[in-house]
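*Asks:* Protein chains in written order, with the working numbering: chain A, 1 to 1017; chain B, 1018 to 1266.
To be clear, the hints were calculated from the coordinates, so they are not data collected in a lab.
Hints may be right or wrong, so weigh each one.
Listed next, the stretches of chain B that the computed footprint assigns to chain A, with coverage defined by at least 3 CB atoms under 8 angstroms from CB atoms of chain A [said to hold, decoys possible]:
| id | segment |
| --- | --- |
| 1 | 1020-1034 |
| 2 | 1183-1194 |
| 3 | 1237-1247 |
| 4 | 1251-1257 |
Residues from chain B shown here face chain A by an in silico Cβ test under 8 angstroms; the list is partial [as the list claims (entries may be wrong)]:
| id | residue |
| --- | --- |
| 5 | S1109 |
| 6 | N1173 |
| 7 | N1177 |
| 8 | I1260 |
Note that CB positions come from ideal geometry on N, CA and C, so glycine has one too.
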Amino acid sequence: MKMISFMLNGIQQHWDVPEGETLLTSLRKEGYFGVKFGGCEKGECGACTVLLDGKPVNSCSILTVQVDGRNVQTIEGLGVHPDQGWKKTAGLHPIQQALVESGAIQCGYCTPAFALAAKSLLERNPDPSEEEVREAIAGVLCRCTGYLKPVQAILKAASRLRGEEDEEEAFEGESLTPLPVDWPSIEPERGRGPSPAEDGGKQTLVLPRKIVYMPRMVVTPEARQKVLSKIGKPELKVDAIKLVQGKPAFAADIEKRGMLIAKVLHSPVAHARIKHIDVSKARTLPGVAAVLTYKDIPRVVYSTAGQSDPIPGPLDTFSLDSKVRFVGDRVAFVAAETEEIAEQALKLIEVEYEPLPAILDARDAMKEGAPIIHDEPEYVNFAESDPRKNLAAQIRIDIGDVEKGFREADRIFEAEYLVPKVQQAHIEPHVVVTYWDEDDRLVIRTSTQVPFHVRRILAPVLGLPVKRIRVIKPRIGGGFGGKQEVLIEDVAAHLTIATGRPVLYEYTREEEFIAARSRHPMRIHMKTGVKLDGTITANEMRVLSDTGAYGCHGLTVTGNTGHKSMALYVGDGPYRKSPNIRFYADVVYTNTPPAGAYRGYGVPQGFWPVERHMERISRELGLDPIAFRLKNAIREGELHPFSTAWSEGREPRPEIIQTVGLEECVNQGKALIGWDQKYGNPDWHKVEGKPYLRRGIGVALVMQGTAIPYLDMGGASIKMNDDGSFNLLVGATDLGTGSDTVLAQMAAEVLGVPVEDILVYSSDTDFTPFDKGAYASSTTYISGAAVVKAAEEVAEKIKKRAARMIKERFGATEVTPDEIILEDRKAIAPGGNYVTLAEVALNSLHHTDQEQIMGIGFHFSPVSPPPFAAQFAEVTVDIETGQVTVDRLVMAVDSGVIVNPLTASGQIEGGMTQALGYAVCEEMVYDQQGRAREKDLVDYHIFRANEMPQLETIFIQTYEPSHPFGVKAVAEIPMDGVAPAVGNAVLDACGADILDNPITPEKVWRALKKRPSGSEN
Amino acid sequence: MDKEYFRPKTVSEADYLFSSGEKRCIPLGGGTVLSRSKLEGVCLVDLRDLGLDRLDLTGQKLSIGATVTLQQLIESDSIPPQLKDVVRRTASLNVRNQATIGGYIVSAGGRSPLAIALMAMDALLVWHPTEEKQSIGDWFTLRQPAGYWINSVQINLNANLSYQQVARTPMDQPLIAVAICRWKSGRIRVAVGGFGTAPLLAVDGPMEQGILEAVDNALCSSGDDWATAEYRREAGVVLARRILSETER
């Protein structure tokens, strides 16, 4: 131990610290939870940023003793909530204020780091350029935002700190004016919008010469008819102020007396039986509280997939087993007083493995004589799963007469495409804290998207009834599907049961790569019959999907690959009425880390081959690629072709698609990116002075879904407080998407109050109603409808009481509840007499016919209305080295009504950025022993702020009639089109035809060598 | 964690720690690597207070103190813009604010842009207390310290550096990188990287002839999980050719 003295947030500190301890660890031990743990080993994520002598550094990569005599600042020293009762405060720092206002906060895990990096920059450079801002925050990785809004926020803060007045907000009143359908092509500067004069005087958004904070919006007449006060407004996120202060909002931001640290011994081999395991030395190490192996805990088979009951997949997993099935699989659990002791204990566990032949290539899984990965007798099949064939799931769907369709085609196009395994890479790793409460109930505080599924699935695994488990979901530092998995909660829970003590288990970044879930890699064969006029007569997709060592989500992810991507192109003419579509898939086990849910849920895997294939067909036939797509695309009022064939392993039921804004998406997107000026224009494709560079432009059309019909259910309850505010309790889990905010907006809309009067709490299995969780693009649509129903029930009670109160107070003629409107925190009768909601609340709780005004609502949907989108990409390709630079991404989304343009556009920008990684750099590769090549965020590169292309979003607001406010989903669809649009742009640029993403320089270089002469632009 | 930490105030105090032989002493720069190291039973000697955080320009010779951070290089007027750009590619601002040139060189691998550039510039490592000057190429080849710690890194500014790389994204690690340094005397030094444990020297000679062939040769065995040698050879030659033609202009 060493005594050090240093300044922390302006206060002299004297700490006695272990000499080998990092500053991150010391700060968190002392309760500075605004400094976040990203699990990385090389300081690559920056979530732990602090200012050291005014400069941003990673506190995970510096010893605490090194700061002796220096000045450290954390987010806790920046600004505070402006309203603290009688105490006057300076409030938030202008940087924090700007981050809140600009929609720059999604999950909020990296927000303190952005704020500190920005502070350091603006103190040195009060008037930075956008490029300088991007450089300043490039040490902080964000997986949610796409960096656009944080950059805008910092520029806004800089302007305010210079004493400049805010420029006119883009989003005020008239700024919602719909754009004409023939919106002219505009070329705004990066981050800046056109002045009114620049748009030819047409009716456009009010975008004066200022930073653009809002997405472009196009409103269809149906959507325009609804005049709403809260829906469609850029309300501040309800959780933004706490996140920007770095409050202890996340799962690990908790102190429990006697809390143990858990670690897991992971398998070093891909496939083996544990012949012998000796933990005696580890158990006797001082400070070790428990060591568990498969011999110590009940053998209960289950699935880690966080899905509704019954889980649509095989039960093939044990908490611990006598067999390991991938490098990274679990061998033993340890709980110890410190992380160092736990790690030491892992080294003392002696394991003798009996190696078994491993399957590392999905093509080998079903071969005769292949090793059986799941030979356990407890295995529970689901549908066509067959462990003897290493088959986790199988899908066979024939719609129409596919063979007849092929016979009627003039041309048949066939090709095989590959999509890689990729990681969700949320910046907050998987993390859980477990403990027994005073009632001897097990509390699981976990960063999960599915708290109710966690409770239900773990109960038998732990030998506890559901009612003795309470799952608390605090804030989530990003999930993207990775936390739709009951992945590590059982580890901590078993150790709490074994020791009786609280246990914290937090994945390192390496564990995220070797022992978490990922996107299913797939090998996809496309066969398409087309007439020479471009009519698709039959379309077939055959998929070999690699689920890894366990079958979690294997069936449903792969099913969605076909269900969404193969539904988009039904054909034209008679084929439109009776499409011919085939989707066959084998989902096989291999000895690689399991795949699982990842934003998009199988659909990005489908649209890579479909949209690359469509591009190639249109070029081969000499057709305009966009016209060819639109000719065959599904249209409003048509049957979703898969709705009668497949529904996530449940009974399919027919579904008519009510809203399709695809053509509008194409029109608006084309105009914004300047498609007509660039596509087919040889001059545009050349780069002056650089003969080895070629520009290219590409497009992909995509569709997704909105929730799982007849299955996904969300509940909400609302109660009124003395002051007329409301507690909204939802089981829905905001994983950074802003769902708590949009749910509050919906409640506020119905109840006639500002959003700040809606206090959202999510989620806790003891207190909040059931919700299936955050997945399948369902929260705004399903949970939102539940909130509306609950709010309507509350509104009805308020109106009833208000009518009586108004009559009593004003002696007016009879007022019926139906005539009352709720607005501005008042219940207003025709003629203007009113009572305030606070008066109604006091009346109901204290004065007359006392009652608790509250309501509950729940919702499930018979339909899953698809959002549609047109994704455009511009690239520059170095035709000598194959290097691809993505210059610009434009996405036009048929979104339904947008509840909050800030949070929604943040979803699109962040999604496009993740998808950009899928396009050009992200992949998980294994060697011949099944060992991962990528174990950190250096080798697994995700985009940083200082290398981003220009991102632009357009919302085409259709009105989806199946939702009270006309909404559809936007959360997943931005994952679908970027990779194929970039692939198509690369083809357009130089003729390099890449069939497997990511599009790396060497692949382009090889493709260029293979291209037919004369195919280059 | 069994680690000891000392921050000597004087060079002689530091010398004593290293020379006493009681403990295995390791010099500590910014700590970006050693703070997370699993090394046990070691004594980390923080060089921060030894006055090694200065850049000294004598004529065309720039001496960079071992604890100068990478960000100091970017902010220094003495560093040529081409080298600043390489430093910027090497690490993000958070890391640059902390990582020192000495620590960086000791831990750099073949995919480190600055290491490739310094190899082309024929940087010299000046070791303490021996004052021995070790070429960076020797360091990368042998990884044998010629003293207790690197006191400074010397580069000559009378040479022009050019650096080009190919990567999956603009700020990703290079798959192939070529750095060429030309001295007014006509000397040309070419380093390649983007693979392996250290940059490779392809050329050090007085003439341009044969440079492309030399780059091609240097990349013969460069294949790894990230790119094939076939690709790197061709792309490397392309980059080298571009640099040569640009510097000619």
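*Asks:* It remains to establish, for every hint, whether it holds in the given structure.
*Replies:* Comparing the hints with the structure gives:
no.: 1; hint: 1020-1034; result: holds (count 4)
no.: 2; hint: 1183-1194; result: holds (count 10)
no.: 3; hint: 1237-1247; result: holds (count 3)
no.: 4; hint: 1251-1257; result: holds (count 4)
no.: 5; hint: S1109; result: holds (4 angstroms)
no.: 6; hint: N1173; result: violated (28 angstroms)
no.: 7; hint: N1177; result: violated (21 angstroms)
no.: 8; hint: I1260; result: violated (13 angstroms)
Of the numbered hints listed earlier, those contradicted by the structure are 6, 7, 8.
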